[in-house]
Amino acid sequence: MGENISKLTKACILALLLVSMLDCSVAQQKPVLDIMLTNYQYPFEVHFLDMKSQNKDMKMAYMDVRPQQPNGKTVTLLHGKNFNGAYWKTTIDALTKEGYRVVIPDQIGFGKSSKPIGYQFTFQQLAQNTKAILDALKIDKTYLLGHSMGGMLATRFTLMYPETVERLILENPIGLEDWKLVAPYTSIDINYRQELAARYETVQKYQLEFYWEVCWLPVLH
Amino acid sequence: MLATRFTLMYPETVERLILENPIGLEDWKLVAPYTSIDINYRQELAARYETVQKYQLEFYYDNKWKPGYDEWVYLLTGWVNHPDYPIVAMNNAQTSDMIFTQPVLYEFQNIQAPTLLIIGTRDRTAIGKNNVKDKTVRDKMGLYQILGKKTQKQIRNAKLVELENVGHLPHIETFERFISPLKTFLKD
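Chains as they are written, first to last, in the numbering used here: chain A, 1 to 221; chain B, 1 to 188.
Honestly, I wouldn't trust all of these hints.
[Claimed, not checked] Only pairs whose alpha carbons sit at most 35 Å apart, straight line, appear in this in silico DSBU-like list of lysine-lysine:
(1) A:Lys115 x B:Lys183
(2) A:Lys141 x A:Lys205
(3) A:Lys138 x B:Lys135
(4) A:Lys180 x B:Lys183
(5) A:Lys52 x B:Lys54
(6) B:Lys159 x B:Lys129
(7) A:Lys180 x B:Lys150
(8) B:Lys129 x B:Lys64
[Claimed, not checked] Label pairs and their computed distance ranges (CB to CB):
(9) B:Lys159 x A:Leu196: 44 to 54 Å
(10) A:Ile190 x B:Ile146: 36 to 46 Å
(11) A:Thr186 x B:Glu15: 54 to 64 Å
(12) A:Pro116 x B:His82: 40 to 50 Å
(13) B:Arg42 x A:Leu196: 30 to 40 Å
(14) B:Met1 x A:Asn71: 41 to 51 Å
(15) A:Ala132 x B:Gly68: 37 to 47 Å
(16) B:Met1 x A:Thr186: 16 to 26 Å
(17) B:Arg156 x A:Thr186: 50 to 60 Å
In case anyone wonders, no lab produced these hints; they're calculated from the structure.
In this text, a Cβ means the ideal position worked out from N, Cα and C, and glycines have one as well.
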C-alpha cells in the first residue's frame, strides 16, 4: 500500500515536472487576451445583456444553451471567483443531454462581461444582475448551481428570490466559515498590487497547491 | 458601525468605545428587501432641503423642530444644486449600501474594549423600513429601547445609558444628558 502511494507520488512528481516544463512554453505561446475576452472563444454562443448598473453602462455576457429534447427545466450555473462561464462546458453538455436548458452568466467584472472601474461589488448587486438575465430570458423558475464564490452568490440569490429558485446546489462553496473573524483584513490596495503581479506561473502554483493538491493534469488548463 | 469595525480591527488602539445611537444593532437585510444602489442613487438625486428636513423631523426629532437643527440639514443638502452633486448622490447611495450589506452586530461579542452605549430610546432609525410590507415586522424595526439592552448583553464589558424621550441625536437634542455620562465614563 505504502509502496503504491510512493509510486503514485513519484509518478505525480514526474508528470508534474514534465507538465510544468510544457506549461512554460504554453503560457508564452498563447496570445495576450483582451479584458473582454473577445479573442477567446467560449464553448457555446455568447449573448450580451445591456444594462445600466450603478449609473454605468454595462454589458453582461451569458450563454443560454438549449437542449434538443427539452424537459422544461432550467439550470443556472454560477461560476467562482477565479473563473467564468467557460469552465462549465462538460456540465452544460451533460445537462443539456438530459433535457435541461442551461443558463451561464459571466458576472460583471468576470469573463466576457464589463470590467467597470469603481463598481461596488456586493452579492446583492450580483444577484440582481443575475436576476436581470433570467428576467430578460423570461425564466421565472430555475435550479441554481453555484461553485466557490458562485456558491455564496447562489446563496444570496436564493435568499433574495426564494420564489425563483426551485433547488439550490452548492459545489465547494466558499464562505462556509467567516474568515474575517480570524484573518486580518487585507486592503484592496494590497490585493490590487498582488493582482498586478499575477502571472501564469504564480496562478498555476496557487491552483496546484489549493485546488488540486498534488497532480496537475493538462486538461485542467 | 464604523467604530465597531475599527475596534475589531485595531483592538490595541481603542482604549474605550463609545456608541451614540449607533445603527446596525439589528440586521435589516433579514427583514427588508434589498434596494439597489441605482434606486438609492435616484432618491439621493431627488433630495431637497424640505424632504430631508421632513425625514429628520419625523425620525430624529419627534416632530418638534428647533432652529438649531437647520444647520445639519443645510450641510446635507447645500450642494444639491451644484453641478457636481450627482457624484455625492452616488457616494451616498454606495455608503447606504455599505450599511445595509455589511452588518457588524454579529461581532459585538469580540469587542474587548470597555464600551459605553448612549441610546436615545425614542430613536426609530431603521434602514429599509418603508419597504417592509408586513406591518408586524415593520413595527418591530428600530426599537432602540430594546436594541440598547440587547446590545449591552452582547458586548462583554458594556455600560448602557438610556436617554428617555430622546431621539437619534442625543448630543444635538439634549447635550447635557449626553455629555455628563460621557465625561464620567472617560474618567472612570
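Range first: 30 to 40 Å. Now tell me if the beta carbons of Arg42 (chain B) and Leu196 (chain A) are that far apart. 35 Å, holds
For a C-alpha distance cap of 35 Å, please report whether Lys129 (chain B) and Lys64 (chain B) respect it.
22 Å, holds
>> Taking the Cβ atom of Arg156 (chain B) and the Cβ atom of Thr186 (chain A), is their distance within the range 50 to 60 Å?
In response: Check failed, 27 Å falls outside 50 to 60 Å.
- Holds or violated: 36 to 46 Å for the Cβ distance of Ile190 (chain A) and Ile146 (chain B)? 40 Å, holds
* Asked: Given the hint that Lys159 (chain B) pairs with Lys129 (chain B), does the C-alpha gap stay at or below 35 Å?
  -> Answer holds: Lys159 (chain B) to Lys129 (chain B) is near 28 Å, not above 35 Å.
Pairwise hint evaluation, Lys135 (chain B) against Lys138 (chain A), where the allowed Cα distance is 35 Å at most: Holds, at about 32 Å.
*Hey, Lys115 (chain A) versus Lys183 (chain B), does the alpha-carbon distance stay inside 35 Å?*
50 Å, violated
- Starting from the hint 54 to 64 Å, judge whether the C-beta atoms of Thr186 (chain A) and Glu15 (chain B) obey it. At roughly 26 Å between Cβ atoms, Glu15 (chain B) and Thr186 (chain A) fall outside 54 to 64 Å, so the hint is violated.
- Query: Is Lys180 (chain A) close enough to Lys150 (chain B), meaning Cα to Cα at most 35 Å?
  - Reply: 23 Å, holds
For the pair Met1 (chain B) and Asn71 (chain A), does the Cβ-Cβ distance stay inside 41 to 51 Å?
-> 47 Å, holds
Measure nothing beyond the straight line between the CA atoms of Lys180 (chain A) and Lys183 (chain B); if it is 35 Å or shorter, mark the hint as holding. At roughly 33 Å apart (the allowed maximum being 35 Å), Lys183 (chain B) and Lys180 (chain A) satisfy the hint.
That 16 to 26 Å hint for Met1 (chain B) and Thr186 (chain A) (C-beta), does it hold up? 20 Å, holds
Figure legend: structure checked against the earlier numbered hints; hints not met, in rising order: 1, 2, 11, 12, 17.
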